[in-house]
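S.K.: Sequence:
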Amino acid sequence: MTVWLRRRSFNPTVIPAPKVQKCTLHSQPGIKPWSPARQAWGLTTILSRNMIIITTTIIIIIIIIIIIIIIITIIFITIIIITITSIIIIIIAIFAITIIIIIIIIVTTTIIIMIITI
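Residue numbers (the working numbering): 15 to 132.
Careful: at least some of the hints might be erroneous.
[To be verified] Estimated spans, in silico, between C-beta atoms of each pair:
id, residue 1, residue 2, range
1, 125, 103, 31 to 41 Å
2, 111, 89, 48 to 58 Å
3, 93, 67, 47 to 57 Å
4, 75, 97, 26 to 36 Å
In case anyone wonders, no lab produced these hints; they're calculated from the structure. For glycine and all other residues, C-beta sits at the position ideal for the given N, C-alpha and C.
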């Protein structure tokens with residue numbers, strides 16, 4: 015520690031040299047860089063950054079999972095709609111074929127009856 019002397023006064027008084035802070039990187043005012051409070055503050059900043067990264071990745075993963083679930087449900091709903099409509103179309107086709115067969119049978123029997131009667 016250097017000692018400064020006051021020259022203007024008649025009795026020289028000893029003044030200690032001003033203290034210079036050793037580390038100003040990420041330093042808070044009033045906390046010495048080598049103190050445990052400073053070390054804890056650095057740990058909290060590192061942990062908070064890590065927590066922010068972890069929470070953002072978790073949120074992104076949840077959003078991706080929700081999008082995948084929505085896409086899968088849309089695919090299943092379209093498959094169900096396609097199967098229901100195909101079943102309805104098959105039923106309508108069966109009814110139409112039976113009606114056509116009944117009409118053909120009626121027409122042929124009437125023609126045969128007319129031919130027999132004539």
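S.K.: Next, verify each hint and record whether it holds.
M.R.: Results of checking the hints against the structure:
1. 125 / 103: 31 to 41 Å: holds (32 Å)
2. 111 / 89: 48 to 58 Å: Taking Cβ atoms as reference, residue 111 and residue 89 lie about 32 Å apart, which means the hint is violated.
3. 93 / 67: 47 to 57 Å: Cβ of residue 93 to Cβ of residue 67: about 39 Å, so the range 47 to 57 Å is violated.
4. 75 / 97: 26 to 36 Å: holds (33 Å)
The structure is inconsistent with the numbered hints 2 and 3, although it conforms to all the rest.
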